[in-house]
Structure formats: structure tokens, C-alpha cells
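Protein chains: 2
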Amino acid sequence: MGDGNGPSGYLRNNFRGVGFWNPTHILPHERGKRISRMDLNECPYPPSPKVLDAIQEAATGLNLYPDGTCPQLSEIITERTGVPGSNICYGGGSTQLLTAIAEISVGPGENLIAPDIVWRRFQGVFQVVDAEVTRVPNHDDASIDAAGMVSGIGNNTRLSIVLTPNNPTGLMLTEQELRHICEGTPENVLLFIDEAYHEFAIHAGGPDAIEIVKDRKGPWVVTRTFSKAYALAGLRLGYALCSSEEITNALRLATSTFNLSGVAEAAALAALADTDYTQFILDENTREMNRIKEGCWEMGLTYMNSVTNFISIDVGVENGPVVRAMRDRGVRVSTPGYDATGTYIRASTGLPEDTDAFLSALKEVLAEQSG
Amino acid sequence: MGDGNGPSGYLRNNFRGVGFWNPTHILPHERGKRISRMDLNECPYPPSPKVLDAIQEAATGLNLYPDGTCPQLSEIITERTGVPGSNICYGGGSTQLLTAIAEISVGPGENLIAPDIVWRRFQGVFQVVDAEVTRVPNHDDASIDAAGMVSGIGNNTRLSIVLTPNNPTGLMLTEQELRHICEGTPENVLLFIDEAYHEFAIHAGGPDAIEIVKDRKGPWVVTRTFSKAYALAGLRLGYALCSSEEITNALRLATSTFNLSGVAEAAALAALADTDYTQFILDENTREMNRIKEGCWEMGLTYMNSVTNFISIDVGVENGPVVRAMRDRGVRVSTPGYDATGTYIRASTGLPEDTDAFLSALKEVLAEQSG
Numbered sequence: 001m002g003d004g005n006g007p008s009g010y011l012r013n014n015f016r017g018v019g020f021w022n023p024t025h026i027l028p029h030e031r032g033k034r035i036s037r038m039d040l041n042e043c044p045y046p047p048s049p050k051v052l053d054a055i056q057e058a059a060t061g062l063n064l065y066p067d068g069t070c071p072q073l074s075e076i077i078t079e080r081t082g083v084p085g086s087n088i089c090y091g092g093g094s095t096q097l098l099t100a101i102a103e104i105s106v107g108p109g110e111n112l113i114a115p116d117i118v119w120r121r122f123q124g125v126f127q128v129v130d131a132e133v134t135r136v137p138n139h140d141d142a143s144i145d146a147a148g149m150v151s152g153i154g155n156n157t158r159l160s161i162v163l164t165p166n167n168p169t170g171l172m173l174t175e176q177e178l179r180h181i182c183e184g185t186p187e188n189v190l191l192f193i194d195e196a197y198h199e200f201a202i203h204a205g206g207p208d209a210i211e212i213v214k215d216r217k218g219p220w221v222v223t224r225t226f227s228k229a230y231a232l233a234g235l236r237l238g239y240a241l242c243s244s245e246e247i248t249n250a251l252r253l254a255t256s257t258f259n260l261s262g263v264a265e266a267a268a269l270a271a272l273a274d275t276d277y278t279q280f281i282l283d284e285n286t287r288e289m290n291r292i293k294e295g296c297w298e299m300g301l302t303y304m305n306s307v308t309n310f311i312s313i314d315v316g317v318e319n320g321p322v323v324r325a326m327r328d329r330g331v332r333v334s335t336p337g338y339d340a341t342g343t344y345i346r347a348s349t350g351l352p353e354d355t356d357a358f359l360s361a362l363k364e365v366l367a368e369q370s371g
Numbered sequence: 372m373g374d375g376n377g378p379s380g381y382l383r384n385n386f387r388g389v390g391f392w393n394p395t396h397i398l399p400h401e402r403g404k405r406i407s408r409m410d411l412n413e414c415p416y417p418p419s420p421k422v423l424d425a426i427q428e429a430a431t432g433l434n435l436y437p438d439g440t441c442p443q444l445s446e447i448i449t450e451r452t453g454v455p456g457s458n459i460c461y462g463g464g465s466t467q468l469l470t471a472i473a474e475i476s477v478g479p480g481e482n483l484i485a486p487d488i489v490w491r492r493f494q495g496v497f498q499v500v501d502a503e504v505t506r507v508p509n510h511d512d513a514s515i516d517a518a519g520m521v522s523g524i525g526n527n528t529r530l531s532i533v534l535t536p537n538n539p540t541g542l543m544l545t546e547q548e549l550r551h552i553c554e555g556t557p558e559n560v561l562l563f564i565d566e567a568y569h570e571f572a573i574h575a576g577g578p579d580a581i582e583i584v585k586d587r588k589g590p591w592v593v594t595r596t597f598s599k600a601y602a603l604a605g606l607r608l609g610y611a612l613c614s615s616e617e618i619t620n621a622l623r624l625a626t627s628t629f630n631l632s633g634v635a636e637a638a639a640l641a642a643l644a645d646t647d648y649t650q651f652i653l654d655e656n657t658r659e660m661n662r663i664k665e666g667c668w669e670m671g672l673t674y675m676n677s678v679t680n681f682i683s684i685d686v687g688v689e690n691g692p693v694v695r696a697m698r699d700r701g702v703r704v705s706t707p708g709y710d711a712t713g714t715y716i717r718a719s720t721g722l723p724e725d726t727d728a729f730l731s732a733l734k735e736v737l738a739e740q741s742g
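Top to bottom, those sequences are chains V and D. The first sequence begins at 1 in my numbering and counts up by one. The second sequence begins at 372 in my numbering and counts up by one.
If you're looking for bench data, these hints aren't it; they were derived computationally from the structure. Remember, it's a predicted structure, so these values are computed and weren't measured experimentally. Quick reminder that beta carbons are idealized off the backbone N, C-alpha and C, glycines included. One should not assume that every hint holds.
To be verified - These stretches of chain D come out as covered by chain V in the derived footprint (C-beta under 8 Å, 3 or more residues): (1) 389-395; (2) 431-440; (3) 445-454; (4) 565-575; (5) 600-607; (6) 632-640.
As the list claims (entries may be wrong) - Derived DEER-like restraints, expressed as beta-carbon distance ranges: (7) V:R135 x D:G456: 32 to 42 Å; (8) V:K50 x D:G687: 31 to 41 Å; (9) D:P420 x V:I76: 30 to 40 Å; (10) V:I76 x D:Q427: 20 to 30 Å; (11) D:G403 x V:D314: 22 to 32 Å; (12) D:G403 x V:N13: 28 to 38 Å.
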């Protein structure tokens with residue numbers, strides 16, 4: 001094989017020498033063992049039994065491609081959001097849509113604007129589209145600077161990316177901040193609001209981005225997912241609510257219409273119908289999140305005031321060794337970005353026993369590392 | 372909303388004014404009715420009962436993200452192909468990988484080379500990457516011109532795309548033709564061989580592309596899928612076998628490692644283990660394909676000599692009206708490309724009763740349309 005291991009000319013510049021990165025990797029010592037998975041912002045509870053029934057029924061049809069426009073699911077989403085089915089594009093997780101949204105709007109040499117602190121997959125998205133990126137520094141409390149997200153837009157900016165609640169901070173924008181961004185972003189810039197943690201924001205009394213962005217004169221896209229509050233990360237179903245059919249069809253072209261699992265629509269319908277189960281997940285999450293916050297407070301640690309199912313905590317020492325030592329103890333947490341630098345770790349909520357394991361492991365590890 | 376319906380400046384040129392295209396769409400008159408789905412090259416049989424059991428078991432873990440590198444499945448694929456797990460990238464169907472392979476290798480203004488007759492999603496891929504495309508005319512019998520695929524490569528060519536068996540022709544390349552392409556494609560060009568219908572080719576006594584491409588000095592990728600011979604189109608699991616880790620990691624960056632369903636790996640393992648069921652599918656397919664060919668021969672129609680689960684037939688009249696009239700009769704077939712032009716239709720094999728329905732509907736429709 002002539003291409004060896006070094007960077008190779010037949011790949012585009014931005015795809016050369018990419019390192020291996022697999023946050024979903026299960027280490028050999030973790031196989032078949034009960035571990036606390038608190039690094040991927042997953043729901044610790046299995047999907048609703050009604051969802052499992054729906055999947056079992058739909059699975060017999062997995063020899064067929066499903067209708068990628070999910071007509072039945074779209075009816076319900078339209079009812080709840082006012083966005084017509086023609087303006088909804090489904091993705092294999094909203095993760096697939098993030099990349100597609102960037103791809104349809106910015107090309108090499110063009111500009112996009114995003115907060116400095118942002119979910120690490122976005123780093124991958126920026127690399128894929130090979131755009132120039134304006135990073136807007138977050139406020140001192142790590143919240144997004146809404147005014148900066150508007151004033152930072154330049155003549156070459158094609159896309160503005162906002163997350164509410166944001167990941168890894170868990171912080172959401174206020175209605176006023178969202179309005180400022182929606183109104184201040186020029187009409188020739190696509191405004192993209194990632195609402196992967198939408199249901200947690202609503203549960204915490206936060207604003208609904210769709211209701212605000214609808215008043216915007218320029219183009220917009222809002223993404224949501226079934227991965228988090230519906231306990232369906234492994235289903236891979238997210239959706240983009242778009243301001244026009246043109247944006248929607250561009251996203252469908254980028255993602256192809258052959259991108260959804262044949263059980264996704266049935267599972268999503270069952271998940272939306274089982275409101276008690278979603279409420280249970282959200283309530284349990286709040287309880288365990290409060291326990292984590294209390295535990296950190298007792299340990300004298302500061303943390304970001306997350307409304308979601310994950311929290312970023314300042315452990316006061318270098319985060320990389322803490323994350324590794326926690327993982328050795330069966331508790332998986334993460335650093336907030338690609339790089340293991342800084343003093344913050346990010347942990348998602350788990351079952352009550354995961355909270356116990358997390359707090360006691362963190363105490364041990366910090367005693368070791370600070371001592 | 373300020374973006375109206377017309378082409379809009381905030382989208383990249385190649386994503387403006389894209390039309391709605393949804394081959395998976397179920398028409399209102401088809402809902403809840405037994406129709407013959409012969410337009411999407413699906414397997415007409417449900418997944419193996421062992422696969423359904425595996426899915427049911429894995430579904431309880433759908434709250435979690437699976438390991439996107441499928442370590443257990445990789446072990447088996449490595450055993451069968453000799454390609455190490457570090458050189459295998461999984462996709463949400465091989466369809467997702469087609470786009471990613473083009474994205475990592477060609478950018479706007481750069482060149483890729485492909486046969487003129489090619490699966491229509493590739494048209495979408497070409498549009499997504501905004502590359503200059505050299506289309507190599509197929510031979511008169513619609514087979515790929517292997518010599519032309521080599522001689523057509525220019526200084527600006529970064530990617531060569533070959534399909535064996537090809538879609539919509541169903542024709543495969545010989546070992547000699549594959550060797551000519553593998554040897555003749557320069558070392559600075561990524562050679563991509565799409566083997567979505569690999570299992571059908573082997574069943575028909577054809578060559579195994581991996582065994583041939585391994586001798587190539589330059590870089591290569593081969594894609595395969597669980598969608599066809601394993602009756603799992605709706606599972607969305609395909610894989611790319613790559614000549615280097617660098618290519619593999621570039622594909623993982625483009626597709627993200629959060630792209631697979633949580634039931635995919637378990638289902639694929641069960642499907643590979645149930646060799647009797649795969650043999651049953653392949654044998655049934657051959658029988659029904661032969662019945663379709665005989666029926667066409669009796670009607671005096673010529674067709675391409677497909678080795679796959681679909682066949683392109685010259686109906687002698689404009690194909691668009693034929694496809695629509697067949698669909699009105701409950702038999703879904705397709706035109707070979709995006710456009711309903713020419714006199715060929717493409718039909719995939721179904722159950723025995725689908726073959727009956729297809730042949731009798733085609734007789735009726737052609738009597739009408741030619742009369």
C-alpha cells in the first residue's frame with residue numbers, strides 16, 4: 001500500500017493526518033462490568049417499555065427503507081411547533097444535521113461564528129467544512145455572549161451557531177438574549193440554534209427557541225433530538241426545523257434521504273406519547289443533578305449552574321489525570337473539549353448509585369491528586 | 372421569513388434551489404395496502420428471526436451510544452477480508468460513506484471520475500462536494516469501460532469511483548477489468564470501489580474486489596453494506612474498508628463517531644452468523660430474477676444481464692409514464708436515474724407474487740402505452 005501512515009496528498013488538506021478519536025470506546029477492563037457512564041450525556045434509564053414494544057414491532061420491516069420524511073411524526077411535530085413537514089429534515093441523530101447545516105451554508109475560506117466554548121463535535125464540523133471560524137469569548141461565567149454573537153458577524157459570515165442550553169456548560173440563553181441574536185443576525189446569515197437539550201430547558205422554566213426565532217426576518221434552523229430526554233441516543237434520530245423548504249431540501253441533499261433507521265419513526269411516536277416516562281426521566285435527572293451539585297458544594301468545588309443532564313465542575317487541578325483516574329475506578333467522565341487541558345471536568349447524571357460512585361471516586365481522586 | 376422560496380444567497384451555490392426528492396415516499400393510496408415494492412432494491416424478506424431476537428435484546432440499551440467502531444463486528448470482518456479494524460469505518464448505511472469518501476478527497480473545482488451510468492445518489496454526492504466530474508461513457512452493453520476509467524484520469528483528478536456490480540445496470544467487472552483499474556489508477560488518486568451488491572456478485576461467481584485491490588500500490592476504499600443480502604436496509608449499517616488508518620480517521624471525522632444505531636452491531640453479528648438465511652435470500656433472489664428475465668424475454672423485451680437483486684429493462688417506450696402506470700397498479704419500479712427519460716425501467720426482485728404482479732402489470736401497461 002503506497003500511502004503509508006503520513007499525511008497524504010490525495011486527501012484534502014483539512015482531512016490529512018486526522019487522529020483517532022472515539023469517545024464511545026469501551027475499554028477492555030470495562031467490558032461486561034457495571035460502570036458509571038457519565039461521559040456522554042446519555043440518559044441512564046432504558047427507553048420506555050412502550051418504545052421497546054414499538055421497536056420490536058417495527059423491526060420485522062427492517063428489510064425496507066423507511067420514508068425518510070417521517071410523515072406521521074412530522075404531523076405531531078408540526079402540531080407542537082407550527083413548523084410544516086416540508087420544513088423538517090430528519091437526521092441520523094442531530095449530530096448528522098450539525099455537519100449538514102454547516103455544509104450547505106459555508107465553504108472553504110468563508111466565515112462562521114460560534115461561541116468559544118461549544119460542544120467538541122463542532123470542532124470536527126469546523127474542520128469538515130474548512131471554514132474560517134470566529135470564536136466569540138464566553139462571559140466569565142461561561143454563558144454565551146449574545147451581544148458578541150451579533151457584533152462579531154463580519155461581511156464574510158454565512159452561518160451563526162448558537163446552542164441553548166449549551167454543551168459543555170449546561171447554561172441556557174434567556175428569552176431576551178435569544179431575541180437579541182434573532183433580531184441582530186443579518187438576513188444574509190443563516191442562524192442555527194442547537195436545542196439538543198430543549199426538554200431540559202423547558203423543564204427548568206427556560207424559553208422555547210422556536211417561538212422566538214419565528215419572529216426573525218432572516219433564515220434559521222433549530223435542531224432537536226430524541227437522544228437525551230427520550231432515552232434514545234442509540235436510535236439516532238434528530239430533526240432540523242427550518243425557516244424554508246429550500247433550506248430543508250438542501251439538508252436532505254446533504255444527508256441523503258436514506259439516513260434513518262426503519263424503527264426510528266415508530267420509536268419516536270411511542271416516546272412522544274409516553275409523557276409520564278419523559279416526566280420521570282426529567283424529574284429523576286433534576287434530583288440526581290441536585291445531589292451532584294450538593295456533593296460538589298460540600299467538597300468546596302465550584303461548578304456551572306447547568307439546567308441539563310450534565311454539569312461542568314472546576315476540580316482545581318489538571319483535568320486529564322482526574323478523568324483517567326476516575327475511569328480507572330469505573331466512573332467515566334470527560335473533559336469539556338477535545339483537549340485534556342484546564343481544570344474542568346464534565347459529568348452527566350446517572351442512576352442514584354452512579355451519583356454515589358461519582359462523588360466518592362471524585363473525593364478519592366482529588367485527595368490523591370491535590371496531595 | 373425573509374428567505375421566501377427562491378434561491379437564497381446565504382446557501383452555498385451548489386445547495387441553492389434544490390428540489391424535493393424522496394424515493395422512499397409512500398403515496399396516500401399505498402398506505403396500509405399490500406404493494407409490490409420493486410423500486411428500491413430492497414430484500415423482500417424480513418430480517419432473519421435470529422436478527423430480530425438480537426435487536427430486541429439490544430434495544431433495551433438504546434439509551435446509550437454504541438461504540439461506533441464496532442469492535443466485535445470488526446473482528447469478524449477482519450477475519451474475512453484481512454483488513455484490520457483500524458482501517459474499517461462504519462457508516463449509517465454505505466450511503467453515508469459515499470458522501471464522506473468524496474468529501475475527504477475532492478473539493479470545489481477539483482476533479483473526480485466516474486462511469487456515466489451510476490446509481491443516482493451519486494449525482495447528489497457530486498453536487499454536495501461541488502467537484503468537476505468526468506463521466507466515462509459506458510460500453511454499448513452498459514458495462515463500465517475499465518480502460519476509459521483509467522485513461523480518463525487527468526492531472527486534477529483526486530478520486531475515481533467504480534461500482535461492481537454497478538447500479539442500475541446490475542453488471543459486474545471481471546477480475547481482469549478490476550486489476551486494470553487498480554493498477555492503472557495513479558497513486559495520487561483515491562480509488563473507491565462500491566460493492567453494495569458484493570454478496571450477489573460472489574453468489575454469481577464474480578470476483579472479490581478486496582482480494583484484487585489489496586495488490587494496488589495507491590490508496591483505496593471499498594464499501595459494503597448490510598442493506599441488501601442481509602435484508603437490513605432499515606438498519607443503516609455499511610462499512611468502508613480502507614487502505615490506511617489515515618483514510619479511515621478522515622472518514623470518521625466526516626461521519627462523526629456518533630452515527631450508528633445502538634442495535635446495528637448486534638444485528639449484523641446475528642446476520643453474519645445465520646448463513647442459511649443469507650443463502651435462502653440469495654437463492655430466492657436468483658429464482659425470481661430468472662422468472663423476471665424469462666417473462667421479459669417472452670414479452671420480447673431486452674434487459675441488462677444483472678447478477679444482483681434488480682434489473683434494468685428496455686420497455687421500448689418512454690419510461691416515466693410506465694413507472695407511474697405501474698405504481699397506480701400497486702407495483703413500484705423506478706427509472707434508472709433522477710430523470711424520467713429514456714426507455715429503461717429498473718425493477719428489484721420481490722416475493723413470487725411480486726414477480727407475478729410485476730409481469731402482469733407490465734404487460735397491461737405496455738399494451739396501453741404502445742397501443
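Each hint tested on the structure:
1. Restraint check on the region 389-395 of chain D versus chain V: 7 residues with Cβ-Cβ distances below 8 Å, three needed, restraint holds.
2. A count of 10 residues in the region 431-440 of chain D with a Cβ less than 8 Å from any Cβ of chain V is obtained; the coverage claim is therefore met, three being the minimum.
3. Remark: the region 445-454 of chain D is not confirmed as covered by chain V, as 0 of its residues place a Cβ nearer than 8 Å to a Cβ of that chain, below the required three.
4. Judged by the Cβ-Cβ criterion of 8 Å, the region 565-575 of chain D is not covered by chain V as claimed, because only 0 of its residues qualify and three are needed.
5. With a cut-off of 8 Å between beta carbons, the region 600-607 of chain D has 6 residues touching chain V; three or more are needed, and the interface restraint holds.
6. Remark: the region 632-640 of chain D is confirmed as covered by chain V, as 4 of its residues place a Cβ nearer than 8 Å to a Cβ of that chain, reaching the required three.
7. The supplied range of 32 to 42 Å is met by V:R135 and D:G456, whose beta-carbon atoms lie about 35 Å from each other.
8. A beta carbon spacing of about 52 Å between V:K50 and D:G687 contradicts the range 31 to 41 Å that was offered as a hint.
9. Taking 30 to 40 Å as the suggested C-beta distance range, the pair D:P420 and V:I76 conforms, at roughly 32 Å.
10. Checking the proposed 20 to 30 Å range against V:I76 and D:Q427 shows it holds: the Cβ atoms sit about 25 Å from each other.
11. The supplied range of 22 to 32 Å is broken by D:G403 and V:D314, whose beta-carbon atoms lie about 57 Å from each other.
12. A C-beta distance of roughly 52 Å is found between D:G403 and V:N13, which places it outside the suggested range of 28 to 38 Å.
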